[in-house]
Amino acid sequence: MSIRPESIAPDIQDEMYDVQERGFLILRDSEAATHFFDQIDKLDAAQTNRAFALRAIAYQLCGDIESALSEIDKVTAQAGLHPDWDRLCVLANLGFATEGLEYYRRACSPESGIFTKTVGAGISVGAFRTIAQNISRAIKMHLSNLDSIPRQSLLDAARILEERGTEDDDVAGVVSVAGELFREYGLVFVGSAQVDTFDVQNVVRLSFRLAITPEQAATLHMEFLDRLDDQEIDMPSGLLVAFQGTAIETYRSEEAHA
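The end of the sequence shown is residue 1163 by the working numbering, with every number in the run present.
If you're looking for bench data, these hints aren't it; they were derived computationally from the structure. Since we're looking at a predicted model, the values are computed, not measured. Hints may be right or wrong, so weigh each one.
[To be verified] Below are the DSBU-like pairs computed for lysine-lysine, each with C-alpha atoms no more than 35 Å apart in a straight line:
| hint | residue 1 | residue 2 |
| --- | --- | --- |
| 1 | K1022 | K979 |
| 2 | K947 | K979 |
| 3 | K1045 | K1022 |
| 4 | K947 | K1045 |
[Unchecked claim] Across the chosen pairs, the derived CB separations fall in these ranges:
| hint | residue 1 | residue 2 | range |
| --- | --- | --- | --- |
| 5 | T981 | Q1057 | 27 to 33 Å |
| 6 | D1139 | S1049 | 21 to 27 Å |
| 7 | D989 | T953 | 15 to 21 Å |
| 8 | E1085 | E1016 | 40 to 46 Å |
| 9 | D946 | P1119 | 36 to 42 Å |
| 10 | Q1057 | E1128 | 32 to 38 Å |
| 11 | S972 | P1119 | 44 to 50 Å |
| 12 | M1046 | E1072 | 21 to 27 Å |
Just so you know, even glycine gets a beta-carbon here, dropped at the ideal spot from N, CA and C.
Using the sequences provided together with the hints, build the complete structure.
Given below as structure tokens:
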């Protein structure tokens, strides 16, 4: 998934996001990971904060959440940097929705200056009602770039979930279970999480695209439902979570997790 923090060392960052968009985690000792860490280590002392943030992305590609967050913790205060947004990106991309939701609430208000660019991350961690509240505030503030987000769909989603008594934490809880499953299979979802609303059924569908076949996605979704049952987690009222397989044939590089 391409939820991106602030622009840093664009060439290296773009290379890493190209790898991420393939939809699989990479091994720490893979050729790609070694290349990324080597390039980051070459950044000069004046780019220390950039190196920390880039190294966090590299660890994220390897599925190492603790090391990724540890690198972000090293970032010192500097204009134009948003460490909590960086933390949200890492958590959202790896499916830690419950933890990511807290950072969305903390860092992504209309007053933050990065509100519209954070909406995709907010969707992926289930922050529908918080996003709707932020949209309402942004409208009152006359923010000029609200057309860049699916404003009406998000407001409709929040309305449906509120009518059904479903909180953001409820959505994040089930998305975290999906994220747990993705990580076990070495997967990351591709692109952005998609939201659709169905007024007749009064439901919201949250969809994650995966670089596997539709048949594999269906099997994985059944495992997801079984895991919710095993963990005694109910699907929140008014919510559907869908997995969409985007691959016609399964292809995985030698660097991907088995």
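Hints, one by one, checked against the model:
no. : hint                       : in the structure
1   : K1022 to K979              : holds, 23 Å
2   : K947 to K979               : holds, 18 Å
3   : K1045 to K1022             : holds, 18 Å
4   : K947 to K1045              : violated, 46 Å
5   : T981 to Q1057: 27 to 33 Å  : violated, 40 Å
6   : D1139 to S1049: 21 to 27 Å : violated, 41 Å
7   : D989 to T953: 15 to 21 Å   : holds, 19 Å
8   : E1085 to E1016: 40 to 46 Å : violated, 33 Å
9   : D946 to P1119: 36 to 42 Å  : holds, 41 Å
10  : Q1057 to E1128: 32 to 38 Å : holds, 34 Å
11  : S972 to P1119: 44 to 50 Å  : violated, 34 Å
12  : M1046 to E1072: 21 to 27 Å : holds, 25 Å
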